[in-house]
Every structure is written in C-alpha cells, then in structure tokens.
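Engineer: The primary structure of each chain is shown beneath.
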Amino acid sequence: MFPVSRFRGRFRTKTSWSLWTPAQISTSIWFDASDAATITLNGSTVSQWRDKSGAARHMSQATAASQPTYIASSINGRAVVSLDGSNDWMSGATGLSGSSYSVFGVLRIRNATTAQQGALCNDVSGTAPSVYWQPSSGTLNVYNGTYVASGTYTANQIDMIGATQTASTLTVYRSGVVAGTGGAVTAPNNTGWQIGRLGLGTAPGFNYASVDWAEMLTLNSVDTTTRKIIEGYLAWKWGGF
Amino acid sequence: MPMELVRKLPYDHPYRWDGTLFGGPKLWRPNEIQTALWLDAEDASTITLNGSTVSQWADKSGNNRHFSQATAASQPAYNLTAFGGRPALSFDGVDDRLGAALDFTATGMSWYVVCQRTSATPSTQTVISSAAGNTYLPIAASGNSTTQVFRINAANDPASLSAYLTGVMVKDKNSTPTITRNDIFNSLRNAGIVESLGCPAFAFAPQIGLSAGGYQLAGLVSEVIVSVNDSSTVERQIIEGYLAWKWALEGSLPAGHPYKNLPPTV
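Keeping their order, the protein sequence lines are chains A and B.
The first sequence lines up with residues 1 to 241 when you count with this note's numbering.
The second sequence lines up with residues 1 to 266 when you count with this note's numbering.
FYI, nobody ran anything at the bench for these hints, they're computed from the structure.
A portion of the hints provided could be inaccurate.
As the list claims (entries may be wrong) - No more than 30 Å apart at the CA atoms, straight line, and that leaves these computed lysine-lysine pairs for DSBU-like:
| no. | chain 1 | residue 1 | chain 2 | residue 2 |
| --- | --- | --- | --- | --- |
| 1 | B | K260 | B | K26 |
| 2 | A | K228 | B | K26 |
| 3 | B | K260 | A | K228 |
Claimed, not checked - Distance ranges between label pairs, derived from CB positions:
| no. | chain 1 | residue 1 | chain 2 | residue 2 | range |
| --- | --- | --- | --- | --- | --- |
| 4 | B | A73 | A | Y147 | 39 to 45 Å |
| 5 | B | H257 | A | G54 | 22 to 28 Å |
| 6 | A | T21 | B | A255 | 35 to 41 Å |
What the hints assert, rightly or not - Footprint (simulated), chain B over chain A, 3 or more residues, beta carbon under 8 Å:
| no. | stretch |
| --- | --- |
| 7 | 169 to 177 |
| 8 | 227 to 239 |
Beta carbons: idealized from backbone N, C-alpha and C, even for Gly.
The following block holds chain A by itself, in its conformation from the complex (with noise of 0.2 Å):
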C-alpha cells in the first residue's frame, strides 16, 4: 500500500472516502503481487497466488520445480511473481464467459528468445485468450483466435497491457494506447488460465515464458470509463511514484 501521508486522493462512497482499487468494480480475476497476504510461499517460491475478485478463482502450482519465484521488491519498490521461462507456470479458472471481456496486466518479460513466451494463456491449445512475446515480429500479442500485434517489445520493459473484447472487435491497449485491433472473436474457453507459458502443450513445446506478473484483473465486459481507471490505477502504482 502506499504510505499513509500520501493518501491524499480519495474516492467517495457511501461510508466513507478510500482509494480507488478494483474491489470497487465486477473482476471475474484479479491478481496482485503487491498484496503478500494473497501469496503462499514454498521457501522463496509460489505454490498459490489468491484471486481478489472474490471468486477464489486462485492459481495454484504443485509441483516446487515449476513454481515461480516470489521477488518482494521488483518493479516500482514493489513485489512481482517471476516465472523462470523454462518450467515455471501457474494454473487457475478464468470466470470469463460470452464473447465480450477485458484483460488488464503490469509485466514484465525479461529476454528476447527464439521461442514464443506465453505471459497469460487459456490452457487449452489455441483458444483465447492469449498474452505472449511473439519473436518473428518482436511483438506482444494477443490472441482471440487470431493474432493481434501490439508494437515492439523490447526485453525487460515493464509494460501495461490491456485488451477489450466486444461481440466483433478485439482492441489492445499498450499504457492506454490502442496498439491493435482485430475483428475476429474466438469466445474465451473457460475451461482455466496459465500464466508462464502457452498452452500449446506439443512441439515445440509449451513456449514458457520468463516473465515477471505484477498485477493483473480480467472482466467480462468493460466501458471506456472503467478502463481508463483501471489503466489510471495500474499506471500510478507500478509505474508512477
């Protein structure tokens, strides 16, 4: 959280003035690395990250080799989720349904490799939706059963990415700039969300990706105003001061 004498913003409601956070609005997801109380560690690595949408749509890994690396203080002063991009991933229920949602994330992605990076992925093989480091082109994608490119990525850039699915039109959103749209719309398969890699599962194999989550949030649907709050909030507190 921020340091009390700096809580000079305030968002009224009917009992009393708090900061604006996405407890305020619908999440299907919403993960928060800066939030501890929602990591359980296994040493210095994550077994649970907690959803805080309410839905305890958490993300879970089992197996210690393949858990992330929990980094208290990373981007901003603030703690972030690291996955290694060579066996870490993190599983859990995506709460998403119809053809309309939105994705909202603060990464990450650390190297620029031969191989694709699947930073948030549906864990069945080409369904939507998809985050990833696409290196043909450079880019950060998303998927929604085709391939929208949202301009270059370089490595280590710490970036908000954002993307809104309506009935015919994907957007994506780069620091609250459309980067791309496309008009194709695969309905998100609910069946589960991965981050650290696509779900591919097959040769070359399932693109795991070195990537640092500091917070990401999904929704069903989202309007204009919501999305420049969210993009409002996630600026300020991973990238602002």
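Please arrange chain B on chain A, whose structure you already have, making use of the hints.
Structural biologist: Just chain B, lined up with the frame of chain A:
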C-alpha cells in the same frame, strides 16, 4: 523507475497528470505559473497539420502567441516518436521555421527549451531567434559574432546529438544572461563559459528553427516555456524537473537537483 508507466499514458488520459484517485500525487505543470509562452508538442490539440507538416503550433500560455508558417516548404514535420519515442517538431536544417508576432517586450524573462540536434551540420544551429537577427539561443555555436547574444562554447556543446534541456534567463536587457543546460549552469559559469555580449531589448519577433543569420536548426523541438520574469532558482528547478521527467531526461539532471529522483508535484 518512477513514472515509467504514467508518462506513457496518452496526453489527454484523465490520469496522466493526476494520480490522487490512486494515492499518487498531482504532477506540477506550467499552468501553475504565469507563462508568456508555452508550446508543447505532446499536446496534439495544439498542432495544426498541413498533411504531415506543421502550419501552426498553438501557444498554451493564454497569450495567443501562436507560432505559424504559411509556406508549406518551410513548415517543420510533426513526428510522434522522434524525441526518444515522444513527439517533436522536426526542422530540416534548410529553411524550416515557425514565427510569432512581435510582442515580447519584457526586459526580463526566462526561456526553457527541450531540443535535440539530429545533424552535426550546420555547425551553428539556432532554436529560438529574432527575425531581426540580434538574439538567438543556439544549440551549437562554433563561432561568435557581434550579433550573437548567447553562446555555448563548442567545448561545452553536447558532444553527441543528444537530447537535452536548455534554458536562458534574461534578468534585464543589459545584464549577463544565465544559460543552463540540464542545470549545469554553475559549472558553465564557474568555468567562464557563458558569453556576455550584451543583451538587446527583448522586443522581437521570435522564430523557431532559423535565425536571420542563417543558422538553421537541423533538429527537434518538443517544448518551449517562457516565464514572464527571470526565474528564481526554485522556479527554474521546478520547470527543469517538469521538463526532464516529461521528456525522460531526468538522468541528465545533476546529482543534488531537487527533482533528480522524482518530478515536481502540487
């Protein structure tokens, strides 16, 4: 790094400048002070395009000192990413320039410019000048002349074509001007680098990109701020901090600068 994500938000994003809803600060901007001129390439609403070139760069100070160029061939280009991935007006080093009306009559004022050469030639380049040729703020000046009021010696010019802040503070029309570059004025002054050839009355028709002496700018200009008086040290450092953090030049601020580690807030 502080501000890494916030300053990537679009200029008109509702939370680009104000993070109070999320526990952050409200960032300081030049509208907190009285300015004589404020040109900001990041604010696309102030740019009038003629295709891909700029026919007018509108003043945000409220004084309507808009800089314009009617001749298409002399209009600078507008490039959204030229200045380290950020917007800038790009002057061609040949004949590009923008001019404003003759009404800068104050005897004291302070100029701040975010700029960058993109070519080493011509060796002397002008950012702001008088159309009459007696006043200009050169990025690089290898020569000297009686018409030259401000000069940064070649030895202290940016060795590379790097982006930087430059500032000139005119206390009155006959005093020694104070020149800063990334707030290294003290070292410049102590080294005796600042040239003083006498400062003419600051009543001139300013233009950006070309001086009457023909010292064309082959480079970029992203923001220009003129405060109405010679800035106090506090005000100068606030403006430097604002510009540095906005244009990702904070690394160029010297150690000990009050805004070296965080931008100014209100």
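Engineer: So, for every hint listed, does it hold in this structure?
Structural biologist: Consistency of the hints with the structure:
no., hint, verdict
1, B/K260 <-> B/K26, "18 Å, holds"
2, A/K228 <-> B/K26, "17 Å, holds"
3, B/K260 <-> A/K228, "29 Å, holds"
4, B/A73 <-> A/Y147: 39 to 45 Å, "42 Å, holds"
5, B/H257 <-> A/G54: 22 to 28 Å, "46 Å, violated"
6, A/T21 <-> B/A255: 35 to 41 Å, "36 Å, holds"
7, 169 to 177, "holds (count 4)"
8, 227 to 239, "holds (count 11)"
The structure fails to meet hint 5 from the earlier list, while all remaining hints are met.
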